[in-house]
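What follows is each chain in one-letter form.
2 protein chains.
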Amino acid sequence: MENVEKLEYSSESIKNMNERYRAAFINSLSGFKSGNMVGSIDKSSAGSLTNLAIFSSCFHLGASPPLLGLVSRPNATSRHTLDNIEKSGVYTINHINSGIFKKAHQTSARYSKETSEFHATGLTPEYIDNFEAPFVKESNLKIAMKLKQILPIEINQTQMIIGEIVNIIICPLKHNPIDEQTGHIDINKLDSIAISGLDHYHVTKSLGRLSYAKPDRPTKFI
Amino acid sequence: MENVEKLEYSSESIKNMNERYRAAFINSLSGFKSGNMVGSIDKSSAGSLTNLAIFSSCFHLGASPPLLGLVSRPNATSRHTLDNIEKSGVYTINHINSGIFKKAHQTSARYSKETSEFHATGLTPEYIDNFEAPFVKESNLKIAMKLKQILPIEINQTQMIIGEIVNIIICPLKHNPIDEQTGHIDINKLDSIAISGLDHYHVTKSLGRLSYAKPDRPTKFI
Numbered sequence: 188m189e190n191v192e193k194l195e196y197s198s199e200s201i202k203n204m205n206e207r208y209r210a211a212f213i214n215s216l217s218g219f220k221s222g223n224m225v226g227s228i229d230k231s232s233a234g235s236l237t238n239l240a241i242f243s244s245c246f247h248l249g250a251s252p253p254l255l256g257l258v259s260r261p262n263a264t265s266r267h268t269l270d271n272i273e274k275s276g277v278y279t280i281n282h283i284n285s286g287i288f289k290k291a292h293q294t295s296a297r298y299s300k301e302t303s304e305f306h307a308t309g310l311t312p313e314y315i316d317n318f319e320a321p322f323v324k325e326s327n328l329k330i331a332m333k334l335k336q337i338l339p340i341e342i343n344q345t346q347m348i349i350g351e352i353v354n355i356i357i358c359p360l361k362h363n364p365i366d367e368q369t370g371h372i373d374i375n376k377l378d379s380i381a382i383s384g385l386d387h388y389h390v391t392k393s394l395g396r397l398s399y400a401k402p403d404r405p406t407k408f409i
Numbered sequence: 188m189e190n191v192e193k194l195e196y197s198s199e200s201i202k203n204m205n206e207r208y209r210a211a212f213i214n215s216l217s218g219f220k221s222g223n224m225v226g227s228i229d230k231s232s233a234g235s236l237t238n239l240a241i242f243s244s245c246f247h248l249g250a251s252p253p254l255l256g257l258v259s260r261p262n263a264t265s266r267h268t269l270d271n272i273e274k275s276g277v278y279t280i281n282h283i284n285s286g287i288f289k290k291a292h293q294t295s296a297r298y299s300k301e302t303s304e305f306h307a308t309g310l311t312p313e314y315i316d317n318f319e320a321p322f323v324k325e326s327n328l329k330i331a332m333k334l335k336q337i338l339p340i341e342i343n344q345t346q347m348i349i350g351e352i353v354n355i356i357i358c359p360l361k362h363n364p365i366d367e368q369t370g371h372i373d374i375n376k377l378d379s380i381a382i383s384g385l386d387h388y389h390v391t392k393s394l395g396r397l398s399y400a401k402p403d404r405p406t407k408f409i
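Chains as they are written, first to last, in the numbering used here: chain W, 188 to 409; chain E, 188 to 409.
Treat the hints as calculated values from the structure; they're not laboratory data.
Some hints here could point you the wrong way.
[Said to hold, decoys possible] Calculated lysine-lysine pairs in the BS3-like style (CA-CA distance at most 27 Å, straight line):
| no. | chain 1 | residue 1 | chain 2 | residue 2 |
| --- | --- | --- | --- | --- |
| 1 | W | Lys300 | E | Lys401 |
| 2 | E | Lys333 | W | Lys193 |
| 3 | W | Lys392 | E | Lys289 |
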């Protein structure tokens, strides 16, 4: 196999893959993915049951208003999160770092609805005033979200959860990650990880930042 | 600043940022993003004009059918790509690697509609039989896409481009990146890059793959 120069896959060959193989294969294709845990809460449950779930599908939707999207799959694990968000209208998004990626991965196990993944994995719920949903104390970048819209994607029965960023907490700061000139946050300095496929975790190494591209000049490093 | 232990930002402080600062800041929050170039073609133009645009918003939407999503911003650069996809119904998604990330970034400059970003940046269009849209020869993972749906996100006037994967080309192969047991593709071996914020490029280093998570056992490396 090491001497093959090119691999090619048609629609037909994708269709013929077995289901789990195809899931891993197709999940690898979009490129590197964000690694976050979504915290939510079920207030109707006795004692307010917290929920925590790993998502590799968090994506930037817009800066003004500040919006993030999440893809919710039609399965049991996703469903608990979606139910809580629908009922409470709030949730948190917490960056995964290299110190907690194993615990973050473990939140994807199919725990019963009565089990809090915080408790099961040993991560610590943390709260701020006037906001119901739990953050992950061990995360270095935490975002409080307010639900704006749940958009059904009919073509494959997924749901797009669209929320507005209402609070951001960045800590602890060994090195200030904010470039005060441009607003860029260097998430390398926060030890945030990237995900590929279903189960592959990565740290990153900066190649550099590039200047705003203009047609009449070559791009250069900032 | 190096001694601050925590930074916190409210809705109000986000609203008060100037527009470019906020764009860079909010774009950094979702975590690492995929780095792809979208190839498309305008057949109505004399000589069939190709277009190439960098997107950091390509995301996995589902494996069966195999679907990828792209967020198209309401601006001129995105618009050329969207117009072409709407008319032709096909496009390509091409992973950016560390050898071409500067050229990929340069495709975001506001070239006139008559300029092909392939020509302007020195990347090479490549074709396969029975598929109109151009691939990027220098990319190591190339995906042929068929448009399924353009979903308007009314809350911020963006468009979600949803397409089905109809062909995949992986090359060149110094090391076979496919785990034949599971279907996982090791995109580290393809030298694919990750993006953060508006302009920050990264290579990755694997922390490892983790086993399928189950409630009754701790996760372990595969």
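I'd like to know which numbered hints this structure contradicts. Please list them from smallest to largest.
Going through the list in order, the structure violates no hint and respects every one.
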